[in-house]
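**Student:** Protein sequences appear in the order of chains A and B.
Start counting the first sequence at 1; every next residue gets the next number (the numbering used here).
Start counting the second sequence at 1001; every next residue gets the next number (the numbering used here).
Honestly, the hints are just simulated from the structure, not real lab data.
From the three backbone atoms N, C-alpha and C, an ideal C-beta is built for every residue, glycine too.
Possibly wrong hints are sitting among the right ones.
Unchecked claim - Keeping only pairs whose Cα atoms sit at most 25 Å apart, straight-line, the calculated SDA-like set for lysine to any residue is:
#, chain 1, residue 1, chain 2, residue 2
1, A, Lys144, B, Tyr1353
2, A, Lys117, A, Asp77
3, A, Lys195, A, Lys224
4, A, Lys30, A, Asp69
5, A, Lys111, A, Ser131
6, B, Lys1058, B, Leu1070
7, A, Lys118, A, Arg130
8, A, Lys118, B, Leu1264
9, A, Lys248, A, Gly40
10, A, Lys111, B, Trp1256
11, A, Lys18, B, Ala1243
12, A, Lys111, B, Lys1090
13, A, Lys111, B, Thr1347
14, B, Lys1116, B, Ala1322
15, A, Lys30, A, Lys239
16, A, Lys224, A, Asp69
17, A, Lys111, B, Gly1120
18, A, Lys144, B, Gly1120
19, A, Lys117, B, Glu1257
20, A, Lys144, B, Ile1351
21, A, Lys247, A, Lys111
22, A, Lys111, B, His1150
23, B, Lys1090, B, Lys1058
24, A, Lys18, B, Lys1058
25, A, Lys144, B, Thr1242
As the list claims (entries may be wrong) - Computed beta-carbon distance windows for the label pairs:
#, chain 1, residue 1, chain 2, residue 2, range
26, B, Leu1160, A, Glu28, 14 to 22 Å
27, B, Glu1196, A, Glu122, 47 to 55 Å
28, B, Val1076, A, Leu185, 49 to 57 Å
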Amino acid sequence: MAKRVSASNVSAYYGGFKAIENINLTVEPKTVTALIGPSGCGKSTFLRSINRMHEVLPGARVEGSLTIDDQDIYDRDVDVTAVRRTIGMVFQRPNPFPTMSIFENVVAGLKLNGVRKKSILEDAAEKALRSANLWDEVKDRLGKPGAGLSGGQQQRLCIARTIAVEPQVVLMDEPCSALDPISTLAIEDLMFQLKDKFTIIIVTHNMQQAARVSDRTAFFSIEKTGDPGRLIEYDNTQKIFSNPSVKKTEDYITGRFG
Amino acid sequence: MGETPHRSADAGTGGTRVTQSHEWPAGASARVAEAPVSTRSPGGNGLGGGGALPRSRKFGAERAFRGLTLAAGTAVLVIIAAIAIFLIAKAVPALRANTENFWSYEGWSPNETQPKFGIGTLAFGTVLSSALALLMAVPVALGIALYLSHYAPRRLGTALGFLVDLLAAVPSVVFGLWGRDIFINPVRDFSVWLNEYFGWIPIFGGDGPFGKSIMLGALVLAIMVLPIITSLSREVFLQTPTANEEAALALGATRWEMLRTAVLPYGRPGIIAAVMLGLGRALGETIALALTLGITFGISFNLIQNGGNTIAANIANAFGEANETGRGALIASGLVLFTITLIVNITARAIIYRRREFTESAA
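Taking the hints into account, I'd like the entire structure generated from these sequences.
**Tutor:** Structure, rendered in structure tokens:
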């Protein structure tokens, strides 16, 4: 259920602008990896490169090689929709489909995969909502609009929607930045449970969050505005936050920079 | 404090302000101490400054504007009521004079001494031609709109969108003349072909002549309503939140699946509104149909034989030589047309209203 993600010499561009340069890192299965760094350092760009969402933007492209369990996801023969089904994504702002009910939201991905049988969909929805710790709150109103939930519930709904298709890897792009502390805690707890099944990569601006939830932490940074982002240090979270080997990392996590 | 600039100018009058300011309770004295040379009158307290709150104004721009908007709102109701009363007053005498059943009689001779006219054929022709026009226009319009909003490169999309809007600016009489004199030829050939191979289907049956038919009228109508539906739905599609599109893509949707999952449902109320506006135009279209239809009175589903008529086209054709009763009869037909469009609009509203729970939270 969980796969290893490896990036080697990954660079990403927006038109002529190089956003990240030569990123090399390997994420082990069933771990939580946090990407931290100042704004504009390319951590979100890198995250979006992992499930080929980067190329959705006009003029955006990726160089280098990204593999999941030794399969190159940028290979010419690889179906991009299959990549995104294998590598799910949760976005910064909760984005349930506004026209769909809670139930329809959760099974949207399954329906895209051609699952039509009601009993299968119902089972999958319950399982996903339970995994996302949302089942008890919504089980009596599955037919109500997903957009009618609170922000934190919406984000857990989006997580349920993502894990309902049973991906190998779950990417989270600042999933708590639009949420209050209690909802944030709920989602952090959830990440802890989810890493039993999935490989999780999370972008966060909140260093305490990175320290709390992740096993490994990657620190990205830029020299100055307009320069491409680079991976500065990648190590066990404990090491990064207690005894980083690069001075720049230490400056960042102690708040002297960024 | 805001009044500093006034100080030098009014330096000489400082003394008098102090006595005036005694009228202010509370913060006023402190104010005076800070800026004894203030030129402000007690009522015009500085923005957020100290002192008592000024009294609300009884008359002013706020109230005047409120009155104006109220008047404008009322005027709409008055005008609608006036039109309705006028139409009914004119129509009732003609309907009384009618010697045949207004609903079922197939024909329109209100100018004779024994007036005979029926709305059935006209109403049928109106609904049939508009429905056919929408049937042809809506899929094409939505296709164009989706292409312009989600497939075409941005520049091309903008340029093509502009062209589509230009199409909406062509006057309907031009469409009518073009349909009557030029477009009729391919339509006639196509009708003959349809009749030869599909004549066993009643709608394509008949022995001719072909050409000035419901099909020609509906095709011209379809081209006329295409731009309005296209341009409105394109706007709606462009408003789909990027977050929703990305959510669909991230679930592994192809481009078309993304459109089906995120864009089309989100735009549904907008699409319905666009289609209804197009239908409104089609139902009320006058001169283009007066020029392209065969103008017969009879209820027939045959699409390719010369024939067909609509309420609006009939009004345009018959108003010139109508007498008092004839005009009343035409006005009565106008009332029926009004009712049809009203029903169409109410239906559309009902459809949108039923899904409000989902669309309101989308905003």
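**Student:** Which numbered hints are broken by the structure, listed smallest first?
**Tutor:** Of the numbered hints given earlier, those the structure breaks are 2, 3, 12, 13, 16, 17, 18, 21, 23, 24, 26, listed in rising order.
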